[in-house]
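Q: Protein chains in written order, with the working numbering: chain A, 1 to 337; chain B, 1 to 475; chain C, 1 to 169.
Just so you know, the hints here were simulated from the structure itself, not pulled from any lab data.
Any given hint could be a false lead.
As the list claims (entries may be wrong) - Here are the computed lysine to aspartate or glutamate pairs in the DMTMM-like style, where the Cα-Cα straight-line distance is at most 25 Å:
| hint | chain 1 | residue 1 | chain 2 | residue 2 |
| --- | --- | --- | --- | --- |
| 1 | A | K25 | C | E140 |
| 2 | C | K78 | B | D34 |
| 3 | C | K165 | B | D34 |
| 4 | C | K84 | A | E79 |
| 5 | C | K165 | B | D27 |
| 6 | C | K165 | B | E93 |
Said to hold, decoys possible - Heads up, incomplete: computed chain C residues facing chain A, CB under 10 Å, no partners named:
| hint | residue |
| --- | --- |
| 7 | K24 |
| 8 | H28 |
| 9 | E50 |
| 10 | V55 |
| 11 | V59 |
| 12 | I72 |
| 13 | L73 |
| 14 | W90 |
| 15 | L92 |
| 16 | V94 |
| 17 | I102 |
| 18 | T130 |
Glycine is no exception: its CB is placed at the ideal position from the N, C-alpha and C atoms.
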Amino acid sequence: MNFLNMYFSPGTIDLFINIAIIVIKIAVVVGVVMLHVAYATYFERKVIGHMQVRLGPMRVGPHGILQPIADGIKLFFKEDIIPANADKPIFYIAPVIALVSALSSLAVLPFFEGFVIANINIGLLFIFAMSSLGTYGIIMAGWASNSKYSFLGGLRSSAQVISYEISMGLSLVGVMMLAGSLNLTEIVKAQESYPLGMFLFPQIIGFFVFMLSAIAETNRAPFDLPEAESELVAGYFVEYSGMRFALFFAAEYIGMIIMSSIATVCFLGGWNGPFDIPYVPFAWFLVKVYFLIFFYYWVRATLPRYRYDHLMALGWKVLIPLSLLNILITGIVKVLL
Amino acid sequence: MNIQLSAMMIMPEIIMTVLALAIVVVDLFVKRKDIVALLSLITAGVVAYATLNGSSGEAFSAMYIADGYSVFFKLVFIISLILTILISVKYIEIEEINLGEYYTLMLFATLGMMVMASAGDIISLYIGLELMALSLYTLAGFMTHNTKSNEAALKYFLLGAFASALLLYGTSLIYGITGTTNLKAIAAYLSVHGVAGNPALMFSLILFIAAFSFKIAAVPFHMWAPDVYEGAPTSVTAFMSVGPKAAGFAAMGRVFLIAFGSLQLNWAAILIPVAILTMAVGNVMALTQTNIKRMLAYSSVAHAGYALMGIIAGGSEGVAGMMNYLMIYAFMNMGAFAVVIMLNTKESKGDQITDYIGLAKSHPFASILMLIFMFSLTGIPPTAGFIGKFYIFMAVVKAGYAWFAAVAVIFSVISAYFYLRIVMLMYMMEPTAELSLSTSTGTGLALLIAALAVISIGVLPSGVISLARAAIAGF
Amino acid sequence: MGGVIFGYLAGVIILLSILVITVKNPVHSVMFMLLMFFHIAGLYLTLNAEFLAAVQIIVYAGAILVLFLFVILLLNLKDELRMKRTTWSWPLGVAAAGALFIAAFLSLRSFVPGTKGVITTAVIKAETNTKVLGRILFTEYLFPFEVVSLVLLVALIGAIVLAKKRQRS
Numbered sequence: 001m002n003f004l005n006m007y008f009s010p011g012t013i014d015l016f017i018n019i020a021i022i023v024i025k026i027a028v029v030v031g032v033v034m035l036h037v038a039y040a041t042y043f044e045r046k047v048i049g050h051m052q053v054r055l056g057p058m059r060v061g062p063h064g065i066l067q068p069i070a071d072g073i074k075l076f077f078k079e080d081i082i083p084a085n086a087d088k089p090i091f092y093i094a095p096v097i098a099l100v101s102a103l104s105s106l107a108v109l110p111f112f113e114g115f116v117i118a119n120i121n122i123g124l125l126f127i128f129a130m131s132s133l134g135t136y137g138i139i140m141a142g143w144a145s146n147s148k149y150s151f152l153g154g155l156r157s158s159a160q161v162i163s164y165e166i167s168m169g170l171s172l173v174g175v176m177m178l179a180g181s182l183n184l185t186e187i188v189k190a191q192e193s194y195p196l197g198m199f200l201f202p203q204i205i206g207f208f209v210f211m212l213s214a215i216a217e218t219n220r221a222p223f224d225l226p227e228a229e230s231e232l233v234a235g236y237f238v239e240y241s242g243m244r245f246a247l248f249f250a251a252e253y254i255g256m257i258i259m260s261s262i263a264t265v266c267f268l269g270g271w272n273g274p275f276d277i278p279y280v281p282f283a284w285f286l287v288k289v290y291f292l293i294f295f296y297y298w299v300r301a302t303l304p305r306y307r308y309d310h311l312m313a314l315g316w317k318v319l320i321p322l323s324l325l326n327i328l329i330t331g332i333v334k335v336l337l
Numbered sequence: 001m002n003i004q005l006s007a008m009m010i011m012p013e014i015i016m017t018v019l020a021l022a023i024v025v026v027d028l029f030v031k032r033k034d035i036v037a038l039l040s041l042i043t044a045g046v047v048a049y050a051t052l053n054g055s056s057g058e059a060f061s062a063m064y065i066a067d068g069y070s071v072f073f074k075l076v077f078i079i080s081l082i083l084t085i086l087i088s089v090k091y092i093e094i095e096e097i098n099l100g101e102y103y104t105l106m107l108f109a110t111l112g113m114m115v116m117a118s119a120g121d122i123i124s125l126y127i128g129l130e131l132m133a134l135s136l137y138t139l140a141g142f143m144t145h146n147t148k149s150n151e152a153a154l155k156y157f158l159l160g161a162f163a164s165a166l167l168l169y170g171t172s173l174i175y176g177i178t179g180t181t182n183l184k185a186i187a188a189y190l191s192v193h194g195v196a197g198n199p200a201l202m203f204s205l206i207l208f209i210a211a212f213s214f215k216i217a218a219v220p221f222h223m224w225a226p227d228v229y230e231g232a233p234t235s236v237t238a239f240m241s242v243g244p245k246a247a248g249f250a251a252m253g254r255v256f257l258i259a260f261g262s263l264q265l266n267w268a269a270i271l272i273p274v275a276i277l278t279m280a281v282g283n284v285m286a287l288t289q290t291n292i293k294r295m296l297a298y299s300s301v302a303h304a305g306y307a308l309m310g311i312i313a314g315g316s317e318g319v320a321g322m323m324n325y326l327m328i329y330a331f332m333n334m335g336a337f338a339v340v341i342m343l344n345t346k347e348s349k350g351d352q353i354t355d356y357i358g359l360a361k362s363h364p365f366a367s368i369l370m371l372i373f374m375f376s377l378t379g380i381p382p383t384a385g386f387i388g389k390f391y392i393f394m395a396v397v398k399a400g401y402a403w404f405a406a407v408a409v410i411f412s413v414i415s416a417y418f419y420l421r422i423v424m425l426m427y428m429m430e431p432t433a434e435l436s437l438s439t440s441t442g443t444g445l446a447l448l449i450a451a452l453a454v455i456s457i458g459v460l461p462s463g464v465i466s467l468a469r470a471a472i473a474g475f
Numbered sequence: 001m002g003g004v005i006f007g008y009l010a011g012v013i014i015l016l017s018i019l020v021i022t023v024k025n026p027v028h029s030v031m032f033m034l035l036m037f038f039h040i041a042g043l044y045l046t047l048n049a050e051f052l053a054a055v056q057i058i059v060y061a062g063a064i065l066v067l068f069l070f071v072i073l074l075l076n077l078k079d080e081l082r083m084k085r086t087t088w089s090w091p092l093g094v095a096a097a098g099a100l101f102i103a104a105f106l107s108l109r110s111f112v113p114g115t116k117g118v119i120t121t122a123v124i125k126a127e128t129n130t131k132v133l134g135r136i137l138f139t140e141y142l143f144p145f146e147v148v149s150l151v152l153l154v155a156l157i158g159a160i161v162l163a164k165k166r167q168r169s
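Chain A on its own, in the form it takes in the complex (with noise of 0.2 Å):
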């Protein structure tokens, strides 16, 4: 294994430097996307405000630039309050293990060229596995808090991600065949011979697929039924706050990272771009994720919410079957051409 190479190469120096290298780097993506994280959300607020016609937080900071910063600050100190009848220890390791699933996804994700904490050659199953293991959070959270619309909102929110899951995986199955790889560099690299160095024309129904289970897979909206306010008040987290909540919360926002950040690299190209821009290797990644993010935001602002027996059937009669069919035209294609 790759990996256990790494840790445990000959040479106690050689060992270290490996270590502290795979350490700094850690930390600098970790660092990166939290951040990104924070203002994602301001800039959900601003872009929703701006589509809803109002000017979305203006008030701390010039156009409520350091809204993040005191939103984070407010949910660091505010009381961790704990249902008197919640399973404990579930209760409290159900956000970590949301958060966690969210950012070792993180971990073999290339931001560009060369730039990657773990070049595995299973990266894409990787990710499978790792954002498989998200449910666990939310089902537990939902399960442990010992309320009815927690639980409500764990049961409809992994029956949600599981249904979702399987086209997802399916709709990459046409990347795979056509770059012959799971290694994520490997999959960017595959791309540059294709119109815009993008696996987007030829896999055009693997990328509807996948962008349509990536919002119901992070729970957005208008897949959003697990944490439906109307409804449910907030799901799975109604009974988490403070910083519990705040892990949620940013464990939200990482899954839709790590969303926009596979469909950039596995359809839009990665890191390359129709011109290089010097200094900064990873411009068009953030670029693209950027604009992926966005489209998030654009879907919510502008469609009304699901109902459940309709999300189930698009997600096993519509998308499903489409990316089968979506394989079974790439492995025509691939044997013809």
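On the provided structure of chain A, position chains B and C as indicated by the hints.
A: Then chains B and C, alone, in the frame of chain A:
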């Protein structure tokens, strides 16, 4: 590997798969389920034809073997499938479980058995076994509104999964010791490398024996059989007591006589007590049963003991005897179950042994058939059961286990008590209650086929015997 | 080093398996099972089978166990907690398991590994586990691989048949 050639070789399986899948779809549009039954019968016929006219050899890197042995067993499976479908049509209507999936699952179970009989590798054997077992778990629990059926399915599933685990653990050990899962390669490795006395190998052998004992319901792994046979729908019980059992023996024959052929002394030392216990427990426990399905369950345990003797005897005589026995057992047991199913009507379940009191007065024809099947199960000439037992006992004697044959004969005599008790109840006692039968063309046809086979094999045994002998020519 | 890692993983797997069946609360059982699956995945990693490791997590932890959890959540846990977990015969079961363990332990000490195959660690490292596994599944093991699809289909049909509501006349 030539894929076209391989694909030609598995034609019976391919045809079965395609037609079974087609039936799944057709079932959606067909209201009358007897049409689905008819289609399944046609499928069985076509597959039988393809099996008989298939080429022989190895396919898919020796994962699949088509030879006389597999063809013979496939015929046994298809016969039990056809007879089961025939007796099912009316029964599942009465029990209100006439869904098209019933037939589809039966076809898939048969497909799994066919894969088992043709397996040249433990992996394909295991997959075939799972295909068969999963279909049967569902079929056992098909009466979802009946708690006994649920219990049967659950018990069968849990113990079956346990047996699968044992089989896989044994396989993993064998794979570790020999570096292969191919049956012939295992045999070659074992004979060359002389690891015969290795305890790890013996442990793996024991795991295999335990796993197969579960599948063929041999003592001490027979506990599930009575409960499952009683709870499952009677038609499914009939199917389970014949097809899967034969499939278990088919796989067992290949694994023990080919892969572990050089260890015959070792496994025979374990299998002989298992066989004796199986006959003892099966026959003795059957004496006290009041439910006919439970009685037939114990009877089928006992018959597994007799068939096991064929494997223990080994050699072409033993294997031919075992195959021959299973073919005959298929007819006689299916016939007995066909009569049992006739007693099941909307009004009464008819599964108590007391229900047979005085049957001869009201339904002489059904009684005479039951009499034939009971005689045959006991092994009384001139029925087929006698021929089956005779050849197995002969093979055992020839292999040098005369005392073993004597023990088996004693248990056969014990078995006469409970089989002939049914006959006695039917003929010697006055009927206590009015009894009606649920007759149908299908059941009638199944009874006719089974009775004719039992009588004709009993009178003219040479046909089946020579068929079995010819089948193992290339084994 | 390899021995230490294996020892840790194997020990923890055994410990967690025992916890899974002894813990009273089914939800906690599932959590221990989840941890156990992670350790099994770790075992695969030490064997150069990274594809299996990932699939272990995706399929078992990500799908099967979530379904377990789903079912458990719909049960009435209060009754479940009050129920006795074992029947009178549990000492028998323990004895049988112990005997099996001793038999396995004694016999496996004389285990001699057989001939090595052509797919060595070097081949796997050069070609990646996924590719090697894929190739062998579609060539040598094509037949069982195709039959497995039928096994899954049967499971699907079976589940639907058993779970579907039936109209009774």
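Q: Run every hint past the structure and note whether it holds.
A: Cross-check of the supplied hints:
1. K25/A x E140/C: Not OK: K25/A and E140/C at ~42 Å, beyond 25 Å, violated.
2. K78/C x D34/B: 47 Å, violated
3. K165/C x D34/B: 21 Å, holds
4. K84/C x E79/A: Answer violated: K84/C to E79/A is near 40 Å, above 25 Å.
5. K165/C x D27/B: 17 Å, holds
6. K165/C x E93/B: Cα-Cα ~17 Å, so holds.
7. K24: 12 Å, violated
8. H28: 8 Å, holds
9. E50: Result: holds, 5 Å to nearest chain A Cβ.
10. V55: Holds, because the Cβ-Cβ distance from V55/C to chain A comes to roughly 7 Å (cut-off 10 Å).
11. V59: 9 Å, holds
12. I72: 9 Å, holds
13. L73: 6 Å, holds
14. W90: Cβ of W90/C sits 27 Å from chain A, so the hint is violated.
15. L92: With a closest approach of 33 Å, the L92/C hint is violated.
16. V94: 28 Å, violated
17. I102: 34 Å, violated
18. T130: 6 Å, holds
When held up to the earlier numbered hints, the structure conflicts with 1, 2, 4, 7, 14, 15, 16, 17 and fits the remainder.
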